[in-house]
Amino acid sequence: MLKDLLKFEVYYHCRKPLFWITLISFLAIGFFFGTTSGITFPNVYKNAPFEITYLVGLLSLASIFSITLTVAQTILREPESRIDAIIYATPVSKGTYLFTRIASLASVGFLSLAVAVAGLYLAHILAWQPGDKIGSYAF
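Going by my numbering, the first residue of the sequence shown is number 1, and it counts up by one from there.
Since the hints were made in silico from the structure, they are not lab data. From the three backbone atoms N, C-alpha and C, an ideal C-beta is built for every residue, glycine too. All clues stand as given, with none of them false.
The list that follows gives simulated cross-link-like pairs (lysine-lysine, DSSO-like), each with its CA atoms no further than 30 angstroms apart:
id	residue 1	residue 2
1	LYS94	LYS3
2	LYS16	LYS94
3	LYS16	LYS3
4	LYS94	LYS7
What follows is a set of in silico ranges between Cβ atoms, one per label pair, in the way DEER data are often shown:
id	residue 1	residue 2	range
5	ALA89	LYS3	20 to 28 angstroms
6	LEU69	PHE32	15 to 23 angstroms
7	ALA48	ARG82	47 to 55 angstroms
8	PRO91	PHE50	49 to 57 angstroms
Turn these sequences into a full structure, and let the hints guide you.
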């Protein structure tokens with residue numbers, strides 16, 4: 001039952017345009033942060049651990065807004081369609097139901113941040129960065 005509910009929640013989020021807009025925008029934001037020189041600290045390599053940690057912190061702060069929109073859309077889903085009474089009448093326990101909702105929202109939030117970090121990484125490995133701004137890369 002838990003697997004079916006998680007599959008439904010993932011399918012629900014993948015059908016929403018907000019999910020895809022969030023992923024594309026966070027990829028673009030991460031790419032922008034990675035290509036812009038001097039956005040954080042001067043005289044620091046663009047791929048220094050301190051710089052990357054600072055940028056990931058900024059990206060995680062920005063992801064809170066997209067997570068808020070996703071949570072609002074998900075929480076208002078049942079009362080809008082008036083199906084909440086039917087869901088609570090099924091054999092699905094409230095704990096399982098709420099766990100699948102929270103797990104799906106957490107995975108959407110993590111995925112948006114992971115896509116932003118992938119955009120940051122992609123921008124750092126591209127060749128148009130000046131050689132004096134990039135240090136040696138150790139993944």
